[in-house]
Structure formats: structure tokens, C-alpha cells
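Trainee: As you go down the protein sequences, you meet chains E and G in turn. For the first sequence, our numbering assigns the number 1 to the initial residue and increments by one for each residue that follows. For the second sequence, our numbering assigns the number 1 to the initial residue and increments by one for each residue that follows.
Be careful, since some hints might not be right.
Unchecked claim - Label pairs and their in silico Cβ distance ranges:
| # | chain 1 | residue 1 | chain 2 | residue 2 | range |
| --- | --- | --- | --- | --- | --- |
| 1 | E | Asn70 | G | Val64 | 34 to 44 Å |
| 2 | E | Pro8 | G | Thr66 | 43 to 53 Å |
| 3 | G | Thr79 | E | Pro83 | 28 to 38 Å |
| 4 | E | His73 | G | Ile12 | 18 to 28 Å |
| 5 | G | Ala17 | E | His79 | 42 to 52 Å |
| 6 | G | Ser76 | E | Ser38 | 31 to 41 Å |
| 7 | G | Asp27 | E | Ser38 | 22 to 32 Å |
| 8 | G | Gln3 | E | Thr112 | 29 to 39 Å |
| 9 | E | Asn70 | G | Gln42 | 17 to 27 Å |
| 10 | G | Thr66 | E | Pro42 | 44 to 54 Å |
Stated by the list, open to error - Negatives, chain G to chain E, calculated, CB over 12 Å:
| # | residue |
| --- | --- |
| 11 | Gly52 |
| 12 | Glu67 |
| 13 | Glu90 |
Said to hold, decoys possible - Derived coverage of chain E by chain G (criterion: at least 3 residues anywhere in the stretch with Cβ under 8 Å from a Cβ of chain G; other residues may be distant):
| # | segment |
| --- | --- |
| 14 | 13-20 |
| 15 | 45-59 |
Quick caveat, the hints were computed from the structure, so don't treat them as lab data. Here a beta-carbon is modelled for each residue, glycine too, at the ideal position from N, C-alpha and C.
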Amino acid sequence: ETGVTQTPRHLVMGMTNKKSLKCEQHLGHNAMYWYKQSAKKPLELMFVYSLEERVENNSVPSRFSPECPNSSHLFLHLHTLQPEDSALYLCASSQEPVVTYEQYFGPGTRLTVT
Amino acid sequence: GIQVEQSPPDLILQEGANSTLRCNFSDSVNNLQWFHQNPWGQLINLFYIPSGTKQNGRLSATTVATERYSLLYISSSQTTDSGVYFCAVEGYGGSQGNLIFGKGTKLSVKP
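Next comes chain E alone, as it looks inside the complex (with noise of 0.2 Å):
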């Protein structure tokens, strides 16, 4: 596979279940990030990871946990989420995380919690 990818695309939940997203690059890209779209509201970066290390949080809440094993891999973990957590969520990388590379998208995930 090329690209990023992601899994699942579509994921139903309730909300004092557990579950996570898988993000994948094939990029050999370093930095990775995960981005929030809801209904009607611009794309909100959630959290930057380069070689692994977090390095931006934008105040996202507790029950998103994300987890970056490898530079090629992240993960969402959630729990206990609301139903305002429904959104799609889109995973990326560029090469570096600095403004003067390229961010590539994932297909996205459609999160509904009930």
C-alpha cells in the first residue's frame, strides 16, 4: 500500500465503550498527526508526533489518548467519549513536522458515538 491509511473507516461506539484508530504511513515520513472535522467547524489539529515523540497537544481531552509505537504507526485510543466526539478524524504525515513540508491525509475515520 502507498500513502496513509486508516482503520477502521467507519466505527460506531457507545459511550463507555473502548476502542481505537490505527493510522499507517508508507511514506518514510517522521511526523505524524491526528485532526478532528465535525459538522460545520473547520479541521482541528489534536496532536503532532515526530519520531515518536509528542510534541503538540492542542488541549484535547483526556478520553482521546493517542500513541505513536514507530514513526510509520498511530493510534487514537478512546474512551468514554460524548456524543459531541462524533466527527471524522484524519490522520497525516510530512516528512518533518515544520511549516515548509507537505502534510498528507488519510481517508479518515467517521466516528459516531452513541
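Fit chain G to the known structure of chain E by using the hints.
Mentor: Same frame as chain E, but now just chain G:
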């Protein structure tokens, strides 16, 4: 923080027509990207264009950094061009990798 405004918010075109989408930003930028989000949610890179002009087939983009705007031109539009077009920027001194997105222009191309 830096503000990004896109216009128009919605655009309906007949197939074959041309269009111009605009992105205004409130401060100097190091990074500007245009994306197309298809109906399935996939964000596709169109251009990385912090300044200057680029062309790729029927699409071209121009960023005038000194005047803080970027334009995306779509010529001879096709129904497959439908979707939402986003402009995203990162300013000088911004957080690492923190692209700030506009609200997008929703384009519908009718056959």
C-alpha cells in the same frame, strides 16, 4: 492566532465552466496548501504553494504572500471536481506542523 477565510462558501457550476476560489489569511505564512475533500471524506493534496503560481492540469493556484491571499482556479470543471476545497496555512512562529484550515468552499458541478 492566524485566521483563514475562504470564499465563496458554496458554489454551483455547470460542467465545463471555470471558477476561482479565494483564500485570505490574516498574517504572513510559511506554508499554504490547497486540498480537495471528496464526498467520502478523503483529503487530497492539490498544491503546496506558500508563494508563486503552480499549475496541474485543469487546476492552477496563485499565492500573493505580500497581500495575504491565495487563489485556486478550476477550468473546464467536471462533475468529479465536486466536493469541498480547503485552504490551510501555517504562520511564522506557529506550532510545529499546525496547519490552520479555512471552512472550505463547497463546490457542486452539475452535468
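Trainee: Could you let me know if the closest chain E CB is still more than 12 Å away from the CB of Gly52(G)?
Mentor: holds (14 Å)
Trainee: For Glu67(G), is the shortest CB-to-CB distance to chain E above 12 Å, so the non-interface label stands?
Mentor: holds (20 Å)
Trainee: Taking the beta carbons of Asn70(E) and Val64(G), is their distance inside 34 to 44 Å?
Mentor: Roughly 41 Å apart at Cβ, these two residues keep to the hinted range, so it holds.
Trainee: Take the C-beta atom of His73(E) and the C-beta atom of Ile12(G), compute their distance, and say whether it sits inside 18 to 28 Å.
Mentor: For His73(E) and Ile12(G) the Cβ distance comes to about 41 Å; the hint is violated.
Trainee: Are all C-beta atoms of chain E more than 12 Å from that of Glu90(G)?
Mentor: violated (4 Å)
Trainee: Could you see if the CB distance from Asn70(E) to Gln42(G) stays within 17 to 27 Å?
Mentor: holds (24 Å)
Trainee: So the hint says 42 to 52 Å: do the beta-carbon atoms of Ala17(G) and His79(E) match that?
Mentor: holds (48 Å)
Trainee: Do the Cβ positions of Asp27(G) and Ser38(E) conform to the proposed distance bound of 22 to 32 Å?
Mentor: holds (25 Å)
Trainee: So the hint says 31 to 41 Å: do the beta-carbon atoms of Ser76(G) and Ser38(E) match that?
Mentor: With Cβ atoms ~34 Å apart, the hint holds.
Trainee: Confirm or reject the claim that Thr79(G) and Pro83(E) have a C-beta distance inside 28 to 38 Å.
Mentor: About 34 Å separates the Cβ atoms of Thr79(G) and Pro83(E), which means 28 to 38 Å holds.
Trainee: Holds or violated: the segment 45-59 of chain E covered by chain G, criterion of 3 or more residues with Cβ-Cβ distance under 8 Å?
Mentor: holds (count 6)
Trainee: How does the Cβ-Cβ distance of Gln3(G) and Thr112(E) compare with 29 to 39 Å: does it lie in that range?
Mentor: holds (31 Å)
Hint check: violations occur at hints 4, 10, 13, 14; the rest are consistent with the structure.
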